[in-house]
Each structure stands twice: as C-alpha cells, then as structure tokens.
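**Q** So the chains spell out like this:
There are 4 protein chains.
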Amino acid sequence: MDVVEFRPEPHEYAWTFGGAAPVREVEPGTVLRLWCDDAFAGKIRSVTDLASASLDPRFLNPQTGPFSVRGAEPGDTLVLHLVDLTPARDWGASTLVPFFGGLTGTDRTALLHDALPELTWIYELDRARNTVTFSARRSEFSVDLPVAPMLGTVGVAPANREVRSSLTPDAFGGNMDTPEMRAGVTCYLPVNEPGAIFSVGDGHYRQGEGESCGTAVEGAMDVTLIVELVKGTAAPGWPRLESDDELITVGSSRPLEDAWRIGQKEMISWLSALHGLDPLDAYQLLTQISLSPLANVVDTNYSAVTKVSKAFLPRVDPYDGIHRDLRARATEITGSR
Amino acid sequence: MDVVEFRPEPHEYAWTFGGAAPVREVEPGTVLRLWCDDAFAGKIRSVTDLASASLDPRFLNPQTGPFSVRGAEPGDTLVLHLVDLTPARDWGASTLVPFFGGLTGTDRTALLHDALPELTWIYELDRARNTVTFSARRSEFSVDLPVAPMLGTVGVAPANREVRSSLTPDAFGGNMDTPEMRAGVTCYLPVNEPGAIFSVGDGHYRQGEGESCGTAVEGAMDVTLIVELVKGTAAPGWPRLESDDELITVGSSRPLEDAWRIGQKEMISWLSALHGLDPLDAYQLLTQISLSPLANVVDTNYSAVTKVSKAFLPRVDPYDGIHRDLRARATEITGSR
Amino acid sequence: MDVVEFRPEPHEYAWTFGGAAPVREVEPGTVLRLWCDDAFAGKIRSVTDLASASLDPRFLNPQTGPFSVRGAEPGDTLVLHLVDLTPARDWGASTLVPFFGGLTGTDRTALLHDALPELTWIYELDRARNTVTFSARRSEFSVDLPVAPMLGTVGVAPANREVRSSLTPDAFGGNMDTPEMRAGVTCYLPVNEPGAIFSVGDGHYRQGEGESCGTAVEGAMDVTLIVELVKGTAAPGWPRLESDDELITVGSSRPLEDAWRIGQKEMISWLSALHGLDPLDAYQLLTQISLSPLANVVDTNYSAVTKVSKAFLPRVDPYDGIHRDLRARATEITGSR
Amino acid sequence: MDVVEFRPEPHEYAWTFGGAAPVREVEPGTVLRLWCDDAFAGKIRSVTDLASASLDPRFLNPQTGPFSVRGAEPGDTLVLHLVDLTPARDWGASTLVPFFGGLTGTDRTALLHDALPELTWIYELDRARNTVTFSARRSEFSVDLPVAPMLGTVGVAPANREVRSSLTPDAFGGNMDTPEMRAGVTCYLPVNEPGAIFSVGDGHYRQGEGESCGTAVEGAMDVTLIVELVKGTAAPGWPRLESDDELITVGSSRPLEDAWRIGQKEMISWLSALHGLDPLDAYQLLTQISLSPLANVVDTNYSAVTKVSKAFLPRVDPYDGIHRDLRARATEITGSR
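Chains as they are written, first to last, in this note's numbering: chain F, 847 to 1183; chain G, 847 to 1183; chain X, 847 to 1183; chain R, 847 to 1183.
One chain only, chain F, in its complex shape (with noise of 0.2 Å):
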C-alpha cells in the first residue's frame, strides 16, 4: 500500500471545500497519515482564552488537504475508510462563541439579546484511562469522560463550482459534526469534480449529539484513513458512512426537519437499491427501525442521521463489500504498526 504522510503548516491550511489547490494527488488505495489542527487553529490553549478576542471568524476549522484523488470524475462514489483517530495534543478545549450554539440567537435566528456569557473550557486528557475531564467553570463539579475521538469534518468540492466555508455541511459531507465520524467507519461522498478535491479537520475527543453550545471538546488529531474509488453513476445524493453494523446516512439542512427527511430518504433510495425493495416497503421498514440521533444543531446547515442495523437486513455488502475489504487493510495497517 501506498503510505502518504501529511501534516499542514499553518499556512497550508484550507479553509474551504472547493477553491483550494490539492496539496497532494494521490492515488485510489492510498493510506494516508495525516494531522490536524483543531477547529480553532489552536489558539484556544486556556480558559483565558475568549472566542471573542482569540479567534478570527475567517480562520476556523483548518482543513487538511484538499487531497486530489487520480482518476475520480464526477458521478463517481468517494470511498475513505477512517482506519484510526488519535488524540494528538493530551488536551481538548471548547468555548462559547458569541451568537453561536444552539441555545443562543445567531446571525440567522437574530434576536435583540446579547450574547451569552463568554467561557473556555480545557479538557485534559489522561491517555491510560482514555478519557477528559470535565471542569465546571462557575460551579464545583467535575467528571471523567471517556474520549471518543471523531471528525467534524470530512467533505468533498461541492456542485455547480461553489465554494463553502470549511464550517458548513451539505451534500458534499463537510462540517456535520457527527459522531458517527470514527475509526472503523467508511464514508463514501459523491465526487462533484475532477479529482473530487477532499479534506478533513475539525478533530473533537468527544461530543454529544447536536453539538449544543456549538463546540466539541476540540482537539489535534492524527488521522489514518485509506481512499478509494468508485467508479460509475452509482454515486450517493448525500454522505453515507458504513460500519461492521450500520448504515448511516446524513442530511445537512435547514429547517431540521429537511435535514432529518434528507437522510430518511438517502437511506430509503439506499435499502431499495441493496434488497430491491419498493420506496414505499422501504419507508414503512424504515418507520420501525430507523435510528435517528442528531449530529449539529448549530452549523450554518443542522445535521440529522439516519441509521439502520445492519442485523435487520439480509447480508449486503454495499459497493461491492468495500467496507469488509478496507477493514481487512486496516487491520493490516494498525497491526504493523
């Protein structure tokens, strides 16, 4: 397997999918090694550190990559199976930004009230119990959480040459904040343009779904992932991730409700296609198994999952049982390490 490290200077970030010229072309197959900053670019180090005063709204969200991938054209499918997700600073912060959470007004949902007290919290991180503790700021109260490390961030260029902020979700992937985005998992992303143009960031130790006050216990990460490709006209509307037990399908959409209905359909087109059931069989399947948690409701695009257990379903081996086989070169990998 071709080994293919990267770890961006600050001036070789990218904060956007689409309009960034590859850092690398790479070839379907390739493992690549990656680090990457977390969503503040590392400037919140302490609970000193205010959104307000350390952070530029146009800087959030480093992107490693974009990463070319030779031979993808547009109709094809985006395979990259995330082998491993590891903590890369021994400390993970989240913080309040003024007008942004999902129980704060926002430049969208403008309301006439200040904004919410500013606070930063740093979660250390103890490797050997693999957890972070949790430090109220204003009152006693402390707590060891498991890490559960995850992307943020995994997109695509999107359509019609648009070119989107590094902190938006949409049917490229990008910013959907799901925890649903870990190691074992394989995403497969529609390629919009030559090369399909990816990259990922935006690092969390853990988060809850929905993402309430807009930050996760953000941190560095090393990234190993393996890309693919699928070639042909079968590429997904909207992201798919696949795991030794689920399907999972994402919407990213305003009102909630449109994002919900997004994956609920990705994941109706998906079932019928894999076991040839009618849309209307697949609805009323879906009706009584969907598992349905919330990635962000807090991004410029709210988040909303839709997952099925894999056991409720004849075997299928979606793509032609691409997961089975990437894990297999996981494995490889991880072992020989």
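Don't read these hints as lab results, they were simulated from the structure.
As the structure is a prediction and not an experimental result, all values here were calculated from the model.
Worth double-checking, as some hints may not be accurate.
For chains that are exact copies, the list does not tell them apart, and a pair is met inside one copy or across any two.
To be verified - Subject to a maximum C-alpha distance of 35 Å in a straight line, what follows is the list of computed DSBU-like cross-link-like pairs (lysine-lysine):
{"hint": "1", "residue 1": "K1156", "residue 2": "K1077"}
{"hint": "2", "residue 1": "K889", "residue 2": "K1156"}
{"hint": "3", "residue 1": "K1077", "residue 2": "K889"}
The hints should help you fit chains G, X and R onto chain F, whose structure is shown.
**A** What follows is chains G, X and R alone, placed relative to chain F:
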C-alpha cells in the same frame, strides 16, 4: 398496594387531553392494570383495510382514562411508573395515511402533490421469539424484528383551559411517540389541572426514531403502571423520564430545532438543580454527553429527546429517589403475577 | 335587521375558542354591536404597568362571545362582515412581554438568554386627526401614526373537540393578528361545531405586518358586524377574507413557510373553484400576482396572508355575491347611526 | 458621467457570486448599460420547452458581470442605483421545474412524491399597453397583467472566501427575488472582497411576492444602473434598499422566520442609527409600522422584506443623501436618452 383494573369499552374511550370526564379517581400509590386499544381504534385489521376507508380522523389514538389523582394540584408533579407493557393482540398494524407522515406533503406542509399510495402492513407477533414480522407489500422481502413495546401517548390535561387532540404532543406530554416510553421508566409530568387528569394509549410493539411514515407497529397493549404524586413547586416545565441508567427530557414543537431546544433547556434546568451546576456549565457538559434521538417528525408537534447517562453524573436521586422506590415496588408486582 | 348589543362584564369574557358556553344565540342576518376589551384585559394602563407584574398569562386576549349561530352545522361556512371598528378608549398600549415576541427567545425557541428588558408604551389617540402617537421610552423621538383599526382575533370553535387558547391562530381563525381584518372586510370561516360558536376580540388601533414585538397598539374596540351563514359543503379549509378589491387567505402554522404554503394552497383552491382553473394554472397565476404580507411571527402559530387583487380576475362573486350584499347592508347600518 | 456598456456573449456569463473574474473594472460614479439574459439562459422559448429537457441545473441565472469597483475594500458599502429596467424581449417565460418551488417537495424538503407535472407558460409582452398575458395551459383562462420589471439577482462576492451559485440569496444579496428591486431604487450591499465584484441578472417582467412556483415571468432585460461607493465602516450587515418613499431591508435564510428576523433586526439597526433610537424603541416602532412582504419561499435560502415608509420618520438622508443625488443623476440619464 391498591390495584385498579380498567378495560374501556369503545364508548368509554377518550380522544383528548383535557375536556373528558375522569373514568376513575385514584389515590397516589395505586397500581393501574389497563388495556389500551391501538391508535386505529382497532379499525385496521388486514392489509386490505386502508386508512381513508377505515379510519375516521376524529377517532384516532383512543385514550384509556382519563384518571383523576386525588390531591393533585397545579404545580405538583405527576409520576407514572411503567411497570409492564405487554402486547394484547397477536398482530400489529401500520398504514400510510394520506397526507400524514414525515416524507409526504401534509395539511401543514401544504403542497400540490397527490397523496402517496395507501398501503397497510400487518405484523404477526411471535410471542415465543418475541418478534414481529415485517412483510413487504410491493416487493419480496420479510424480516423478523424484536418486539420493543412502548406507549406513544402519556399525558395530562393541558394548561390554560386547553383541550388537545390525543394526536398532539406538547408540554403536557401526550402523543410524544418516543421509544423511550417503555417498561421500567418513570415519567414526570407537570400537573396543570386539579386531579392531573391523565390518560395513556397508542401502544407500539416497536417503532423507529422519528416514526417516519406516521404509524408504528400499532397494537393494543396491556399496561401496568404505578401512579405517584410529588407535591410542591418543583414541577418540570416539560415531560421528564427516568430509567435506571438515564435522565431523559422530551420537547415538542415545530420546527424540529425548537423541539430539540426545549428538551435541551429542560435538561439544563434539571442538571443544574440536581448538581448545583451553573446553567452555562450544564450547557457545556450537555454538549459533550447529550444523546439526541428523535421521537417523532410526523405529529402536530414534532418531538425530540435529550438523554443523559447517569454514569456521567454523581449519584443523584431525582425527586427524592422515587424512581428507585418505584422500581422496587414494580418488582413486587411483577414477581407476584 | 335584528340588532343585538353585547358588552361583556369582565366575568363574562371568554378565553378560548371552543369550550366556553355561548353568551347569545343569534339568527343569520343579525347585526352585532359589541365591545371588546384589549388583549391585556385592560391591565396595562400606563408606562409603569409592566407585563410580568400586571398580566396573568391565563387571562390574555379576552373574547367577546362566543355566539352560537342558529342553524350552523359542521361543513357550513360562517360569514362575518366587519361593518365598523372604532377605538373605544382614547389610548392604546403596547408592551414587551418576557420571552414573547419575534426577536426574543421564547418558550419554544428555548434559549439561555435572560429576558429582554420590560418596557411599556402608551399611545394617545387623537380622534380629530385619527392618529396615535408613538413616544420613545429610552430615546427622544415621537411620531404620529394613522389609526388603522383591526381585530387580532376572529374565530370559531375548533374541529375534533379541541379547545384552544385565545392566543392561538389556526384553521379555525383565532389570533391571526393580520391588519387585513379591518372594517369593510367579509371573513369566511369553516363551521366545526353546531352553532359555529364564534367570538371576536384583541382590537388593535394599528399594527405592522408581523407584529414584531408581540403586541400591537392594543386597545378596546367597539365592533359592529353582520353574521351570515352559507349552508352546504363549500366550507373553506382555512380562513378566507374578501374586500371590495381583494381575495385573501390566511394560513397559520410553524415554521413560517408552512403558514404561507397553507394560505397559498387555499387560494389555489379558491381560484380554481371560482374560475375553473386547473390547479397548476392557478399555481402559475398566483406566482405572478400573489401579495404575501406576513400577519404575525410571534403567536403560538405564525400567520401569513395570501392576497390577490380582483382586478386581475374576471368578475366573480364568491359565495353568491354575499360580500357585495353585506356591503350594501353595512351602508344602511352606518348610514342610520 | 462615465458610461460603460456591456452585453455578454453566452460564454461570458457568470454563474456564481464570487469566483468569477471581473469582466470590467469601473470607477465609482459610472453608468452601466447592461443586457441580462433570462434565468433560463434563453432555453425556454415555447410552451413545449420543458425544464427537465431544456435546462441544465449548472447553467441557471446567468449573471451579467461581475464588475470590479475601483477602490472598494471590505467594510465599504457598494451602492447600486437602478435607473431603468426595460424588457429586452417581447415575451417572458415561466415553467415548473421538477422538485423546485414553494408547493412541491424539493431536494431539501425531501419527500417520496413524484415530481409535479412539467408545464411551461409563455407571456407575450404588449409594449404599448405595458402588459404581459397569462394564458392558462390546462384550462380556458387568460388575463393581461401589468409589466413590473425587476431584477431577481443583485449581489457581490460573499465573505469568507465563499463562492455561491447565482441561485442563492444571502447576506451578499444575490438571488433575493424581491419585487422591490425595481427601477428607482438604490441598493446598498456590504463589500466583502476588494473590488466588491458585483453582478446582476434574472430579470422578471413581473412577479408575485413569494415567487410561489419558483419562476417569475422570466425575461431578458436591458438594465441601466449607476455604481457608487461609500467608504468606511458603516457597511450594512444585510442588503438594504431605498426608494423615494421607503427604507427596505432583505433577510435570507431558512426557516422563513429567520429570514424575516434578519431583515427586522437589520431595520432596527438602521432606524437606531438614523434616528438615535434605542433598539427597544426601534423594535416597538417597527412593530407598528413594518410592512413585511415576502420575496421568495423557493430559493436555497428564503427571502423576506421589511419595509418602512419614510412618511413615519423624520426627514433623514441615509448615507449622506446619496439616494436623492442618484435620483437626480438618473433623471439626467433618462432625460438624455
């Protein structure tokens, strides 16, 4: 323990929260053994029973009750512990109701499309294997799914003299349609009217999160529950549930993000009160630990769940540990059957 | 013409649509001369009367009525022609109610902000000049604004046994808060319960579209209206209004796009029925001629208006020309005062 | 006055806001005489041209421009005064695009319905009578409607390096689709990128508020406008318009209530700055005087207008009276034609 049994005749069904005369007055501490008809009032019995021909929109979600609780006053907290939910028929039914459901135009999302085709699915129950069988109607496909009994509706009389259809979820509980409403859970509801005036119904043999097509595996249910009352001013603003392992809140509104916000804010209030947390600290903690599964995206209000694992919290016994006490009492009951 | 006068004492106010006993039964054709208290039930009388201290949320939007209309049956159309609206006090009031309004967090858009500051504005009425005067409270600024009397609430008993707060707009009319509800307009409402059981209230001396802060220039109102009834099956799905120059529909729901969709679809139905238009042709025509002013973005449902100029339509007299007839009758009344 | 004429060839059309190279650099004060193709790039020319066969979703809303304005820097305000809009063809077109429009399922409101039938309407223009003729396609009905020329899209390059499709309205203006964008109006836009990089297009011979079916009476347009620049830090947050009689703001987002909130808050900021009003006083005043006509409920963001009559305000000349000055200059131009 006082035990009251009640199996309503069809003319005794209630169709609203508020507005119906109580069928019984019960003391706090009473065990209720109830039978609930299904959401269709039993009118959908085979795949040839279609919604538009078989159902009367004025007679859906029949309620068993309402019950008046002696001593309950506005400001108190009604406590309902679900001891046991057992399917009361050997089959469940699900159907596509014209202009009702998550992926169709509706009376509110008023579009110019014709209704989706009408279809009914009947799920045979296998009590030995504890499964229901999904059989596709327009394709060759069937699968056995685990039975997971729950109640779609648990509610009290609304505030401000309102009377709401039993199809509506809101601050008074009602048709929340969340799979969290299962045996072993304690439900806390605000008392708005003297006697609380609560009812239950809408049994589901199982349901996915979101209740996509609008109807779960609907089935008549035998329900055993214990009624309790917490006097005083700590009534929740919105429905709260407690299981052995989790604290749960349910918000209901439109658009869906508001349903979620309500549940999140209610959980922040709960956590702040239980643990002396500043609300912004609780907001931060919730951001990292919240589970946010959807309940329904089909009813007159949508419902979203916020769920927190007790494992992430110091030992705490909300409402003076009443859940633990009720679990113990439940064991006595189920042990003695 | 039968003339019925009714000026309720405070203990005779109704607070709901549905659920209250009729204060009078009237024959179709009756002229009603009514007095309505303001939305605050007269509790806000000076700039020092603040909402949280002066108002009881259970006693807002007092209704004058309800009236039972002899012979009205479900499926009929209630017709209310507003002959005259005259301010009944020499001042109106508007106030900021905590967590109520378009640019604040609310009980539904549940956020963590403190409430906006409370403030009350009193508008002096100059009957000679027909103006009310806005005087800024925290800045030096005042301006005279034309009086434009309207009724915030006109509604019937809801369908399906529901009882709704007088703060709610829906298919039954209610608290639509649209400036279109002015003298000279005929309002068509579906009859859901025998007798229709309608009431009016919530006079506004003027109001912008959207009712941004939640309260208009609220003032007691002398109301003259004529009650009519159209028997048969052509009841509108949602409130319709007719003026000399315009056809108007009002949709109420959340999110706001659904309120608009409802009104648009109702207008398409109306135009199709009046002119034999195919629905898609009506959709196209509406696209080019619809006026879409908002009514309220603050109430428990939001309300949006769809308005079409009769100048763009062939001569047509909806409901057999009843509006024209009522205008003639109104002239007799106002001429004879 | 410098006069620049520009009539793009099809290969010179721009399809985005941002991301396209300027076709000309112009000085502030320049008069631009432009020709804009219609939203369909001229591909819908008869009732037999249907959207799915004739249109390429990547090539809609062709822009004339973009133009770079010498000296424009981020933080400045771009001023575009629409001097004249004259239909450039003798017919306009409107069509139903599958899964696009206000009363259909869409890519976002993702439902299981088939697309509505496709239909195209051609509107013949009568220049003498200044009308376009609606002729129903599936029914016997036709009516002449007044021509009311407007531009659907007026926008600058977005902030934060984004490039957005010319189908999108947002803070940068763009595809707002409001009938307020007519001759005689001055449009103020924030400058996000050096040169502002603005373009115009999407002429409508007329349009209702909301643009219900998704397409207005689309037609090529001859456009005369004057470009100005206000240096300094008073850039609006969102598009503002000024006519002789009104101040106007336009918000664009989803759900629709957020679009409205944005425009309302922007107007409160504007009124507060112009008149020294406290924001809560401006909120109150706006409540009683705001007109709130919808712009579009169909585009990737919905747009809502907030409009205030200058008659209700003390004499004020925003941006140092530039609108009055531009009106005078416009008279010179139109007088000299």
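**Q** Hint by hint, note whether the structure agrees.
**A** Hint-by-hint comparison with the structure:
no., hint, in the structure
1, K1156 to K1077, "within (25 Å within a copy, 47 Å between copies)"
2, K889 to K1156, "between (41 Å within a copy, 33 Å between copies)"
3, K1077 to K889, "between (40 Å within a copy, 32 Å between copies)"
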